[in-house]
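Work out the full structure: start from the sequences and follow the hints.
Order-wise, the sequence lines are chains A and B.
For the first sequence, position 72 matches number 87 in the working numbering, and the numbering has no gaps at all.
For the second sequence, position 250 matches number 817 in the working numbering, and the numbering has no gaps at all.
Bear in mind the hints are in silico, worked out from the structure with no lab data behind them.
This one's a predicted model, so the numbers in the text were calculated from it and none came from an experiment.
Be a bit skeptical, because a hint or two may be false.
[Claimed, not checked] Computed spacing ranges between beta-carbons, pair by pair:
id : chain 1 : residue 1 : chain 2 : residue 2 : range
1  : B       : Val653    : A       : Arg116    : 31 to 39 Å
2  : A       : Glu163    : B       : Leu661    : 25 to 33 Å
3  : B       : Arg846    : A       : Glu153    : 50 to 58 Å
4  : A       : Pro145    : B       : Gly793    : 39 to 47 Å
5  : A       : Ile171    : B       : Ala841    : 38 to 46 Å
[Said to hold, decoys possible] In silico DSS-like pairs for lysine-lysine, Cα to Cα no more than 30 Å straight-line:
id : chain 1 : residue 1 : chain 2 : residue 2
6  : A       : Lys35     : B       : Lys633
7  : B       : Lys762    : A       : Lys42
8  : A       : Lys178    : B       : Lys576
9  : B       : Lys752    : B       : Lys811
[Unchecked claim] Quick look at which bits of chain B chain A covers, simulated, 3 or more residues with Cβ under 8 Å:
id : region
10 : 573–579
11 : 599–612
12 : 636–650
13 : 656–664
14 : 680–692
Beta carbons: idealized from backbone N, C-alpha and C, even for Gly.
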Amino acid sequence: MQQGDGNLRVGVLGVQGSVKEHMDKLKLIKGIEAVEAKDRDTILTLDALIIPGGESTAIGKILVDFGLKDAILKLNERKVPIWGTCAGMILMAKHIVNDERIHLGIMDITVRRNAYGSQIDSFKTRLIIPAVSENEIEAVFIRAPYIESVGDGVRILAKYEGKIVAAQQDNLLATAFHPELTDDLSFYRYFLRLNS
Amino acid sequence: MNERYELNKNLAQMLKGGVIMDVTTPEQAIIAEKAGAVAVMALERVPADIRARGGVARMSDPKIIKEIKAAVSIPVMAKVRIGHFVEAQILEALGIDFIDESEVLTPADEMYHINKWDFKVPFVCGARNLGEALRRIGEGASMIRTKGEAGTGNVVEAVRHMRTINAEIKRLTTLREDELMAAAKELQAPYDLVKYVAQHGRLPVVNFAAGGIATPADAALMMQLGADGIFVGSGIFKSQNPEKMAAAIVKATTYFDRPEIIAEVSEGLGEAMASIDIRQLEEKDLYATRGW
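Written as structure tokens, this is what we have:
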């Protein structure tokens with residue numbers, strides 16, 4: 016569903032967290048319209064949605080209280096590409112090892128929250144992710160989760176020290192790290208290709 | 568810039584658009600998390616009670632901080648006295664996510680703030696104006712908040728500080744490069760940071776509003792004035808209905824630009840915290856003048 020001038024409408028869920036960082040990255044990409052979305056009507060107009068980093072419990076509560084969850088589930092039914100970074104990945108997961116709260120529950124992955132520890136354990140590294148880029152990609156992990164296991168139909172894109180840190184299931188993309196905090200646009204380009 | 572500092576500024580970025588709540592018990596921390604707080608500030612007494620009690624206010628008992636840390640999954644912050652780097656060492660040893668070098672506690676050093684570059688954990692510091700904000704960033708703060716006037720339930724000082732900082736930032740962006748050294752002298756701030764602000768039109772770290780925020784409308788006001796997020800101290804657990812007040816302030820912070828939503832969440836919250844007219848406070852009772 017494309018609107019207006021025919022540009023792809025790519026939304027960033029604007030509840031909380033690294034919203035501006037994602038918006039700034041999207042604005043660097045030609046041929047798309049970047050939209051901050053924090054109400055259900057705006058979400059329903061999107062051709063792709065990014066769920067940013069932040070606090071999953073905080074974002075998850077707003078999703079339910081303001082009917083945004085239903086809107087995102089509708090996007091998923093239409094196979095609209097959805098990409099969650101860090102907290103966004105937790106929100107998308109069907110299973111969370113160390114939390115009873117399941118939020119959107121759309122992606123068949125089992126995640127562990129705060130899997131690396133507290134802030135002192137946050138780190139930056141470089142990953143080689145052949146599906147996404149032939150170059151090394153900078154990956155920033157902030158109080159990050161990782162994926163413990165994936166269901167059938169989920170493709171593992173990247174591992175770091177044996178743990179899954181990026182995965183894809185049809186229209187759904189999840190990264191434990193934050194491409195919005197680096198200068199590398201290759202994950203954005205990969206995500207936008209999911210639309211075609 | 569070193570990598571650890573970048574990661575620490577990144578954590579602050581993840582808190583943007585959210586509410587950080589003061590809590591004194593694990594039970595309160597759970598209420599805050601359920602209401603949608605992005606982090607909690609663990610302390611023994613909220614600022615309103617520190618004010619009432621008088622005497623020297625210090626870092627909280629590590630036992631309380633550990634219990635609160637165990638109770639929630641969101642980041643946990645805690646306060647140390649201005650200049651008290653050993654209290655900060657203790658918090659770092661406890662694995663706290665963020666340290667607030669806070670004027671709400673009684674300063675331990677009237678001359679020097681903590682050299683925050685010595686630590687791996689991020690710090691947030693209060694500021695009343697741009698010069699103060701940049702001095703703290705120069706010392707290694709990863710996040711700034713307005714000082715406001717904590718424990719008063721009166722938003723006037725937070726408004727003053729936010730407007731001042733933003734007006735001073737705007738002014739810097741209008742200066743020629745050859746005027747920036749004089750501006751640094753005037754602001755009493757590091758030149759490289761003055762230059763950064765002049766070029767980017769913003770602080771190099773996120774800037775939250777704090778000190779006197781007591782209602783959803785207060786939170787939305789600060790967001791509309793350009794705050795990146797909100798600290799609520801006494802405003803939640805000193806109100807008549809903390810659960811409701813906490814959830815309402817979170818919603819008003821997310822939807823700060825939607826008056827119809829702020830109106831809806833402001834309904835039937837009961838009494839806000841007891842409040843103070845700041846003009847009735849004596850100079851010695853002002854927290855914002857602690858630190859420089």
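Kindly indicate which numbered hints from before are broken by the structure, ordering the numbers from low to high. 5, 6, 9
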